[in-house]
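Asker: Whenever a hint applies, use it, and build me the whole structure from the sequences.
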Amino acid sequence: MNAWIQVALLLALVLGSAPLLGRHLWQVFDDRPQPLLDGWLTPVETALLHWVGDRGRPSEQAWDYLRPLLLSNSLFGVVAFLLLLLQPAWLNPLGLSGMRWDTALHTAISFLTNTDQQHYTPEQSLGDLAQLGALQFLFFTSAATGLAVGFAFIRGLCGRPLGNFHRDLIRSITRVLLPLSLGFGLILLINGVPMTLGGPVSLRTLEGATQILVRGPVAGFEAIKQLGENGGGFFGANSAHPFENPSPFTNLLAMVAMFAIPAATIDAFGRFLGNRRQGTLLLLLVSVLFLALAVVAISAEQAGNPLLAPWLSGPNLEGKEVRFGAAVSALFATITTGSMAGAVNAAMDSLMPLGGLVPLFNLFLQVVFGGQGTGIAYLLVFLILTVFLTGLMVGRTPELFGRKVEKAEVVYSSLILLIHPVFVLVPAAITIAFPALQGISNPGFHGVSQVVYEYASAAANNGSGFEGLGDGTVWWNLSAIVSLLGGRYLPIIALLLLAAGFARKQPVPPSPGTLATDTGLFTVVTAVVIVILGALTFFPVLALGPIAEAFSLPR
Amino acid sequence: MTLIRDVLRALRLTAVLWLITVVLYTLPLLAIGQGLLPFQANGSLFRVDGKVVGSALIGQPFASERYFWSRPSDVDYSTGKTAPNSAPSNLGPTNPDLVKRVTAASKVLRGSGLNAPAPDLLYGSGSGLDPHISPAAAAQQIERVARQRKMSQPQLQTLIRQHTEGRVLGVLGEPRVNVLALNLELDRYSP
Chain A
45 MNAWIQVALL
55 LALVLGSAPL
65 LGRHLWQVFD
75 DRPQPLLDGW
85 LTPVETALLH
95 WVGDRGRPSE
105 QAWDYLRPLL
115 LSNSLFGVVA
125 FLLLLLQPAW
135 LNPLGLSGMR
145 WDTALHTAIS
155 FLTNTDQQHY
165 TPEQSLGDLA
175 QLGALQFLFF
185 TSAATGLAVG
195 FAFIRGLCGR
205 PLGNFHRDLI
215 RSITRVLLPL
225 SLGFGLILLI
235 NGVPMTLGGP
245 VSLRTLEGAT
255 QILVRGPVAG
265 FEAIKQLGEN
275 GGGFFGANSA
285 HPFENPSPFT
295 NLLAMVAMFA
305 IPAATIDAFG
315 RFLGNRRQGT
325 LLLLLVSVLF
335 LALAVVAISA
345 EQAGNPLLAP
355 WLSGPNLEGK
365 EVRFGAAVSA
375 LFATITTGSM
385 AGAVNAAMDS
395 LMPLGGLVPL
405 FNLFLQVVFG
415 GQGTGIAYLL
425 VFLILTVFLT
435 GLMVGRTPEL
445 FGRKVEKAEV
455 VYSSLILLIH
465 PVFVLVPAAI
475 TIAFPALQGI
485 SNPGFHGVSQ
495 VVYEYASAAA
505 NNGSGFEGLG
515 DGTVWWNLSA
525 IVSLLGGRYL
535 PIIALLLLAA
545 GFARKQPVPP
555 SPGTLATDTG
565 LFTVVTAVVI
575 VILGALTFFP
585 VLALGPIAEA
595 FSLPR
Chain B
7 MTLIRDVLRA
17 LRLTAVLWLI
27 TVVLYTLPLL
37 AIGQGLLPFQ
47 ANGSLFRVDG
57 KVVGSALIGQ
67 PFASERYFWS
77 RPSDVDYSTG
87 KTAPNSAPSN
97 LGPTNPDLVK
107 RVTAASKVLR
117 GSGLNAPAPD
127 LLYGSGSGLD
137 PHISPAAAAQ
147 QIERVARQRK
157 MSQPQLQTLI
167 RQHTEGRVLG
177 VLGEPRVNVL
187 ALNLELDRYS
197 P
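Chains as they are written, first to last, in the numbering used here: chain A, 45 to 599; chain B, 7 to 197.
Since the hints were made in silico from the structure, they are not lab data.
Computed from a predicted structure; not experimentally measured.
Even for Gly, the Cβ is constructed at its ideal location relative to N, Cα and C.
Treat the hints with caution; some may be incorrect.
[Said to hold, decoys possible] Facing chain A, a subset of chain B residues (Cβ under 10 Å, in silico):
hint: 1; residue: G117
hint: 2; residue: Y129
hint: 3; residue: P137
hint: 4; residue: S158
Answerer: Structure below.
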């Protein structure tokens, strides 16, 4: 009972905050006046743009937006890679040396793509300078890049120019990510998350053992880690570590933070369109999908592990913290994979088969609130496909938001949806074919899940993992990089090409034959399309992994 | 030419964003932490006679029968050769090693008189540093600790109650007992 109250509370907070934050996002990205902020932020942003050397003109062509995006992202990645590879002695109290080249490359690209897979042990690999200068830097810039892409895509679908990348990137940081993170960081600090450059403490425990506690500037790091859908931990145990997530209260805030911006972006989309009902219906759609998945995950964990019945009873607590309990850990797992954050407060590898199926399913769909900016974009791509499919069924030219959906839109949408399975299933098949590459730690069906999960997490830019996997190898690092880059930049390019082309079309006035997309019926059809496309593509691997494992358990 | 111009723009953008997101963002939080909230900002450390003996947020391994025991940890609570570290076991639900480990832990606990140990004493935690056990797991250990410390059971029950945190706002999370705080209190009562 208590578990369901917490689910309801979480959803109330997310859906309650969505219109407030959504209004703010709409004002920021639609250039509406913001009396409280404009006075002091506008001069700062103008100065920053001037320093960058961009006059802030909106892009006419998709490549005018993409060019600075790809160039600046490359440089962000180079800076992080060099810091990780060389790791200077400054702010590095344990005197840790640089990472191996392939781990440094994987880590830099993983954080650059807003993914944050970690094939290293942070406590034994990174000092404070690398944590801040490489990882926290990418937390902000990758989240801001995602937001910029999301709103450029929204502008295009609403028939407007895409906007200016530098301006969007800077305003994402000055008006959204920085102020929210400062506030959230302060709350975390008050609740016990450390914020120090004082280095680790070595102490004698009550029984005389030597315990080493790594500390650092965690509160600030943690805040943008969650709000930016990043998810990479300051510590190996990520959000299960008491220094990252000390109490059930910080845990609730973390869950709200992961969903807050994606939910608000959906609301902001409705305002852009001048049709708030459309935004609200999409929010309801993902909320229902989320609830269904959360129920499966929570029930699976609460039912417990029948293999251990001779020794214990009750929920499955393996890899879970007492302060959170099994149900809330399963809820967290659903949120972190639905939102593409990838932070974990429990071991994903130790979830029950169906408890682990839910995160995997989320990684396949990519829209259950979805990633920073990319979530709404994928959701709208599903909307385009649904318009196309229903148009085929009733024999009309499909239209969306007053423009015709034609060949280019359908081709780009299909490409965007096909990129994902290609970058998940192909490398997973290669890895499973060669036992020397696998690094599987849990035998049987679970091993299949471990491998597929790693590539799904990379291609969806999520970052969580079935972490028993021995992924610190050259093969894993390099092959995951392919999925990370392919899963991030190919969809971004296709999305913006689609949006720019769509915006150039002649608007068609609505006629009695126009299919309305802001109705309950159309929303239900969209949900069905999402589930069928998501489930059908990946059903074979789900059957080989978690579903087979679930059937192997004694009844 | 436009490529050089664009690269220079990206370079300047990188430099200024690095300053904002790494330096400008971190400094105020560091200042507030170190200036106003030094206990939290430095890791919520417990001190006895000026010496750091642990953190209110991080568990410790306990083997002596005079102490309440913590949950199993694959990283020995960041002590020993693998320190510093934090990690769960990552054993899958159908992994035979999980059954083996639970069987072994259960045998050890039975040997010390815990016939039906609470599940959290057999399951490993998410961080390997979990500072808490469930109130049921603490209650089961009262008899042993009382015998070893020559304390009365009601006295220990009171201590456990004092160190039990309920659900936040009556809803969030689970009730729990901080093992290190409880054991520090024991040492104060009967050194």
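Asker: Run the structure past the numbered hints and jot down the numbers of the failing ones, going up.
Answerer: 1 and 4
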